[in-house]
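Participant: Just so you know, the sequences run in chain order A and B.
According to our numbering, the first sequence is numbered sequentially starting from 1.
According to our numbering, the second sequence is numbered sequentially starting from 156.
These are computed hints drawn from the structure, not numbers from a lab.
Beta carbons are placed, not taken as given, at the ideal position from N, Cα and C, and that holds for glycine.
You may find that some hints are simply not true.
[As the list claims (entries may be wrong)] Examples of chain B residues toward chain A, derived with CB under 7 Å:
(1) V164
(2) I165
(3) Q256
(4) T260
(5) P281
(6) L282
(7) S289
(8) C293
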Amino acid sequence: MSRPEFVYVTYIETTPEKLWEALTSSEFTRRYWFNTEVRSDWKVGSPIALVMDGKTTDVGEILEADRPRRLSYTFKHVLDEELKKEPASKVVVTIEPHGKVAKLTLTHEGFVEGGKMLDGISKGWPAIIASLKSLLESGTALAIPLAALGIEGIE
Amino acid sequence: MSKPEFVYVIYIASTPEKVFEALTDTEASRRYWHGNFVESDWKVGSPFALRLVRHEKDDITGEVLEYDPPRRLSYSFRAQDGLDGGKASRVTFELEPQRDQVRLTMIHDQFEPGSDVLEKVSQGWPLVLSSLKSYVECGKVLHAPWYEDQPLVPGKTAGATR
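All chains should be built: construct the whole structure from the sequences, respecting the hints.
Facilitator: This is the structure we're talking about:
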């Protein structure tokens with residue numbers, strides 16, 4: 001049977017280049033990603049850190065960076081005591097142009113059975129990606145209160 | 156293991172009323188559903204159809220299972236091409252207000268094991284719901300050239316074909 005993973009597909013009226021920029025520029029991510037900065041030089045082998053409100057929440061290493069088509073990195077939570085115990089997972093983002101629209105596919109995989117991490121990211125990504133889509137299309141990000149997502153260990 | 160189903164969550168900067176309207180209004184659906192459109196009087200037990208304007212004869216058909224505006228909508232979903240032995244699956248929309256937004260959860264379930272319909276709708280729903288979000292938020296719709304370039308069936312775009 002399939003291993004536990006999270007896959008989310010959306011379509012955004014934008015260019016692959018703008019979408020790549022929106023996913024990798026902290027100036028941009030702060031606006032739609034719960035005030036999170038994505039700190040990395042985006043070179044394969046380089047570290048990446050997600051920093052929310054000044055606190056590092058997740059760290060990893062860049063595995064692939066093929067601008068503006070494919071980005072992947074390992075993903076290890078470092079803040080919450082429970083979630084910290086789970087092994088590093090992997091995020092893969094692919095971007096495909098379709099006319100005026102870009103198809104964004106985000107896959108987050110490598111979770112342990114019965115862990116809490118998968119549940120948490122399954123609540124987090126749809127909100128982050130919805131906000132990203134709104135920001136690129138209408139210029140206004142969605143102000144979703146993080147607490148409303150009901151993620152255990154994250155308040 | 157988990158039951159075969161497709162679940163999609165999307166946040167829309169709007170009210171539950173407006174999103175519910177977009178899900179059930181023929182003209183609105185035509186805008187974001189690439190010319191296809193929903194038809195029903197939305198009474199529980201009444202027929203539901205998703206008219207596919209690029210298919211000669213067949214439409215997706217079903218019955219209204221739940222109609223609770225602006226919170227919940229559910230209909231059965233029989234594939235137009237006889238897949239899954241013509242057995243219907245079930246589509247349910249749940250709308251929850253979240254401050255100035257709506258969390259829309261779509262669940263498509265009650266598939267047969269190994270369903271071909273599940274495979275197809277898993278491809279289709281993200282585009283339709285992404286387009287719905289763009290339509291409700293910005294009044295614009297997402298164009299899908301790989302799909303929209305297929306020819307329309309003459310006479311099928313008019314609606315009220317029953």
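Participant: Now tell me, hint by hint, if it's right for this structure.
Facilitator: Quick rundown of the hints versus the structure:
1. Among the interface hints, the one on V164(B) holds; its C-beta lies about 4 Å from the nearest C-beta in chain A, closer than the 7 Å criterion.
2. Below 7 Å, beta-carbon pairs count as interface contacts, and I165(B) has one with chain A at about 6 Å; its hint therefore holds.
3. The interface hint given for Q256(B) holds, since its Cβ lies 6 Å from the closest Cβ of chain A, which is under the 7 Å cut-off.
4. Given the 7 Å rule on beta carbons, the hint for T260(B) is violated: about 9 Å separates it from the nearest Cβ of chain A.
5. For P281(B), the shortest C-beta to C-beta distance to chain A is roughly 4 Å, which falls under 7 Å, so the interface hint holds.
6. For L282(B), the interface hint holds, since its Cβ comes within 7 Å of a Cβ in chain A; the closest pair sits about 5 Å apart.
7. Using the Cβ-Cβ criterion of 7 Å, the hint placing S289(B) at the interface with chain A is satisfied: the shortest such distance is roughly 6 Å.
8. About 5 Å separates the beta-carbon of C293(B) from the nearest beta-carbon of chain A, less than 7 Å, and the hint is met.
Going through the hint list in order, the structure does not satisfy hint 4, though it satisfies all others.
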